[in-house]
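Peer 1: These are the residues of each chain, in order.
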Amino acid sequence: MTETLVRDSLENGLVHLEAKDINVWFSSKHVIENISLQFPENSVTALIGPSGCGKSTFIRTLNRMHELIPGAQLSGEVLFNGNNIYGPAVDPISVRLGIGMVFQKPNPFPTMTIRENVLSGLKLSGRRARDEDSIVESCLTRSSLWTEVRDRLDSSAGALSGGQQQRLCIARSLALNPEVLLMDEPCSALDPSSTRRIEATIRELSESMTIVIVTHNMQQAQRVSDQTAFFLAEENQPGFVVEFGPTDSLFSAPNDPRTEDYVNGRFG
Amino acid sequence: MTITSDPVATPQVIPIQRTRGDRIFRGVLIAGGLVAFLVLAGIFGYLAKSATPVLQAFGYHFFTDSSWYSGDGLLPSEGSVDPPTFGMLPMIWGSVLIASISVGIALPLGVGIALAIVYLLPKRSVFGFTLFIDLVAAIPSIVFGLWGFFVLMPHGVLWARWLNENLAAIPIFRVEFPAYDQSPFMAGLVLAIMITPIVAVVSRQIFSQVPPDLINAAQALGGSRWTVIRDVVIPFSKSGIIGGAMLGLGRALGETIAVFFVLQMFFDEVNWYRILESSGGSVASLIISKFGEASPLEISALFAAGLALFVVTLLANAGAVALVNSSKGKK
Chain Z
1 MTETLVRDSL ENGLVHLEAK DINVWFSSKH VIENISLQFP ENSVTALIGP
51 SGCGKSTFIR TLNRMHELIP GAQLSGEVLF NGNNIYGPAV DPISVRLGIG
101 MVFQKPNPFP TMTIRENVLS GLKLSGRRAR DEDSIVESCL TRSSLWTEVR
151 DRLDSSAGAL SGGQQQRLCI ARSLALNPEV LLMDEPCSAL DPSSTRRIEA
201 TIRELSESMT IVIVTHNMQQ AQRVSDQTAF FLAEENQPGF VVEFGPTDSL
251 FSAPNDPRTE DYVNGRFG
Chain P
1 MTITSDPVAT PQVIPIQRTR GDRIFRGVLI AGGLVAFLVL AGIFGYLAKS
51 ATPVLQAFGY HFFTDSSWYS GDGLLPSEGS VDPPTFGMLP MIWGSVLIAS
101 ISVGIALPLG VGIALAIVYL LPKRSVFGFT LFIDLVAAIP SIVFGLWGFF
151 VLMPHGVLWA RWLNENLAAI PIFRVEFPAY DQSPFMAGLV LAIMITPIVA
201 VVSRQIFSQV PPDLINAAQA LGGSRWTVIR DVVIPFSKSG IIGGAMLGLG
251 RALGETIAVF FVLQMFFDEV NWYRILESSG GSVASLIISK FGEASPLEIS
301 ALFAAGLALF VVTLLANAGA VALVNSSKGK K
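Chains as they are written, first to last, in the numbering used here: chain Z, 1 to 268; chain P, 1 to 331.
Note that these hints are calculated values from the structure, not bench results. C-beta: ideal position from N, C-alpha, C; glycine also. A few of these clues could be false.
[Unchecked claim] Below, simulated SDA-like cross-link-like pairs (lysine to any residue); rule was C-alpha separation at most 20 Å, straight line:
id, chain 1, residue 1, chain 2, residue 2
1, Z, 123, P, 233
2, Z, 123, P, 235
3, Z, 123, P, 215
4, P, 238, Z, 113
5, P, 123, Z, 70
6, P, 123, Z, 26
7, Z, 105, P, 123
8, P, 238, Z, 155
[To be verified] A short list of chain P residues far from chain Z (calculated; beta carbon distances all over 12 Å):
id, residue
9, 166
10, 170
11, 212
Chain P on its own, in the form it takes in the complex (with noise of 0.2 Å):
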């Protein structure tokens, strides 16, 4: 027997021979890859374009500024009598204000919702429950507006009351005026009701995933209900919780036509933390409120806040796979 091999090894490419199908499938997937970011950069190409008249007009004021004046829809270069100011900072907080309300609702509220069905309620009513959800996540936003105006509104307002009048050692709770309606408070609670369901949809795939060798393991070393699940189910799914958050978020932050209905919004000065005080901003109802009579300056504006809304949007999402690796990352 003879073994002839060469003396020095090499590393080599090993060719893979793919077949045709797998060609093709590989392609539809590529394509279908670079389609949905197409899309993605095209949107924020065309509102960078659209927005970039008044960009250039007003530079980061746009962003900066508390003020929302349509004047004559000509800039002073234009020979305007009526200069108008576009500056939207309240309307970008505000947006992130609420969204963040709704989120702090719902985040506790669809998780526990999502515990109930998996391990509290008897196996029977699980279907119902479950359909339940599902039924109240595909109810349409503007009948979600029209229900918070009409029926939410005048109990949320009792409850911001109680709030104002017993919590006020906590500035967020304070106010200036008493009214309490379409404030950021009801506007979240709003929102809340919302994307509950996304969040105890979510949460619920989540939990019911957890392996159940784990739970044996937590029972077995004396783990109460409660100690196994914040001790073993909580934290092996936080990762999908906080994507469930993430999707409310992104529902919140996007939501137009419910906030439109129970929201006063104020375009001169910020409102940092009073969310029980009746006024705020939302970049989603600015643009609905504002499109129908809008000068073409004043639409590029409205533009510049869909991209001002697009970038936090994107924002918030980095910052929640962030989020979900660093957690990835302790295990």
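Just chain Z, same shape as in the assembly (with noise of 0.2 Å):
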């Protein structure tokens, strides 16, 4: 019944990304079980589930930041535009530079300027930029911070509130031009206000990027995506998706009891 779900979603764009039988071990501890999801071209997916459920897990395993904690492993594909990201030959690097990422805590580099921070991309990546300052001008004015702080580029990034730190942590990552952007609970540490305008950045950016967000905040993935899959684990079981599917009828019309328990609050 989900996979009727999610054609009707993909009808609208081509697969950007799609996860393939992700399942995630740390050490011998099986965390992930079986996970299989499509990501649009320019859509919007939301990753909703109780604490502890792999949600965070899962979404680094999708540009290969996953990797980068002792003992993580890991089966399965995770094709990007078609190609496995986990091929023998792929440069993870790489990977990462096409798939950006907005993490749970606003990041900023503290010994960087606010410009420096936009381009420190550019730089950890040994690219050459033309023109530094449209990107950083263009940059920060798609993460709506550019109004904030066009008068103080030069001063220190750690100034800055909670809300303008997250969105020059999304500038940041805008400035190597991903296709795709993982936000992990990207609002969690934030205010009502500086949420709203995170939430009208995503918007934004979902016209020309696909994004994928993992939320605590049912009513946050009904404002801003497209797609909800909702993850659940057993105590000591492995995680999985209960269900996946256009988040207008994942949220009001449910197929999974556990789902509509969860979206009405019942537990979680």
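Quick one: dock chain against chain with the hints and give me the complex.
Peer 2: The structure is reproduced here in structure tokens:
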């Protein structure tokens, strides 16, 4: 039944990113079991579910950040534009350049200025940019931070508010021109008005890029996403996807009783 | 309900009621701080007092001249027939030169070891490695001196010759007499091995405090192991690394016995930069080499030398604090 819903959502566009039978282990502990999700081009996908069910772990498998944790293991495939990012000849760094990531806690580089933060990805990946000023302006504009910081680009990023720092982190990812942006609970450390601004930014970005967002906030999932995957894990069992489909129908007419309980706030 | 309020509010000091334990603790801390300060001031005062005879006799020439002649230990005004001359510029400069060479070698080496321990080596081997580094830091300096003289120097001479023959285009590698042993380079090398563990231990602590968040972010932005270290880890750790280097510099400036074994001291001329030449200076080694047979006036000169070393060390530390503050200001 889940599959038909997924098909519906896919009719809108090409599959940009696809996870196939992803299983994850930390050392010998099996934490994610057989997750297969499709992310169409320019869609926003929300990953919801209670804490500890593997959402953040899963999203880190989508751009090969997972393997940086000691003891991390994985089976399955992630197809990015049809190519398996876990293929033997694939450089993980090139994967991360095409699939950017924004973290739960705003983490701008404290030793760099605002401007240097936006350009940090270019420096870290050893790329040269022709027109740095226009990259800084366009990335900060797209993350809706430009008007607030245009006069102090050379001051420290540490002086910004939490919400501004998170938008700076989004701008920093955009500077690498990724096709996909992964966001791991980007608003969980922010106040409501900062959250609204980030959500507006997400909607604007989704016109030109594919976004996957982990969120604990079900209203947020409904506000920003086109499709939603509901994750669940029984105690000491690996996490799995209960239901995956268009956001509207998953929230209004869930197929699985567990989804219904969760989206109506009966547990989690 | 009536609200009575003073129409004009005046700022008031908030009274602090300290408990008895609080007061005792405060007293202990203040006393401790004062003792440290008093000890430092006492040492400085004693050095200055003991140095007074020679400083009165020679004035600033004591610090700017190049000569160390014991003579008959009397001043001309005391009827000297063989007047001594004391000018310690070659020693002061020699100390600075040797310490700079040693920090120049130990800083990249120690930081490299720390980076390897924190970011490259498998976690299993870290304990052994750290233990080894800590043990090296605990070796007495006389052992380093003997080892430097008997073991390192025969090899070091070959390295020095290689540097001289291949890199003589760089002025610091030129020599007048190609003996190569007991040079500032050799002393710097021995000191570098002594202080590398200090730099490594401090840097390791600093690197392990870099927030994993930042490293994660840098990796997600396409950073390689090298660029993450260069652009995120090192800038974040800069002030701590400088602190470690300063601890090492302090030890190098004050080191006496290890330098004494591997350095040919030359009093009559300053060796400004020829680090491979068998001619150098070290204030601390000067003191130990002259102390045994010194006349009262020369003893006073050695105290003045100690005073000069004290001031140089203070200046180096002040410079380090300024450096740390300026790098913090950039944040």
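Peer 1: Taking the hints in turn, state whether each one holds.
Peer 2: Right, here's what the structure says about each hint:
A distance of roughly 14 Å separates the Cα atoms of residue 123/Z and residue 233/P; the hinted pair therefore holds under the 20 Å criterion. Distance restraint check for residue 123/Z and residue 235/P: the Cα-Cα separation of roughly 14 Å lies within the 20 Å cut-off, and the hinted pair is therefore satisfied. The straight-line distance between the Cα atoms of residue 123/Z and residue 215/P is roughly 14 Å, inside the 20 Å bound, and the hint therefore holds. The hinted pair formed by residue 238/P and residue 113/Z meets the criterion: a straight-line CA distance of about 16 Å does not exceed 20 Å.
Taking the CA atoms of residue 123/P and residue 70/Z, the gap is about 10 Å. The hint holds against a cut of 20 Å. With a C-alpha separation of about 16 Å, the suggested pairing of residue 123/P with residue 26/Z holds against the 20 Å cut-off. Between the alpha carbons of residue 105/Z and residue 123/P the distance comes to roughly 27 Å, so the proposed pair goes past 20 Å and is violated. Only pairs whose Cα atoms come within 20 Å are accepted, and residue 238/P paired with residue 155/Z is accepted, the gap being roughly 19 Å.
Every C-beta of chain Z lies more than 12 Å from that of residue 166/P, the closest at about 32 Å, which supports listing it as non-interface. No beta-carbon of chain Z comes within 12 Å of the beta-carbon of residue 170/P; the shortest separation is about 30 Å. Distance to chain Z contradicts residue 212/P as a non-interface residue, since its nearest Cβ pair spans about 10 Å, not more than 12 Å.
Consistency with the previously given hints fails for numbers 7, 11, ordered from lowest to highest.
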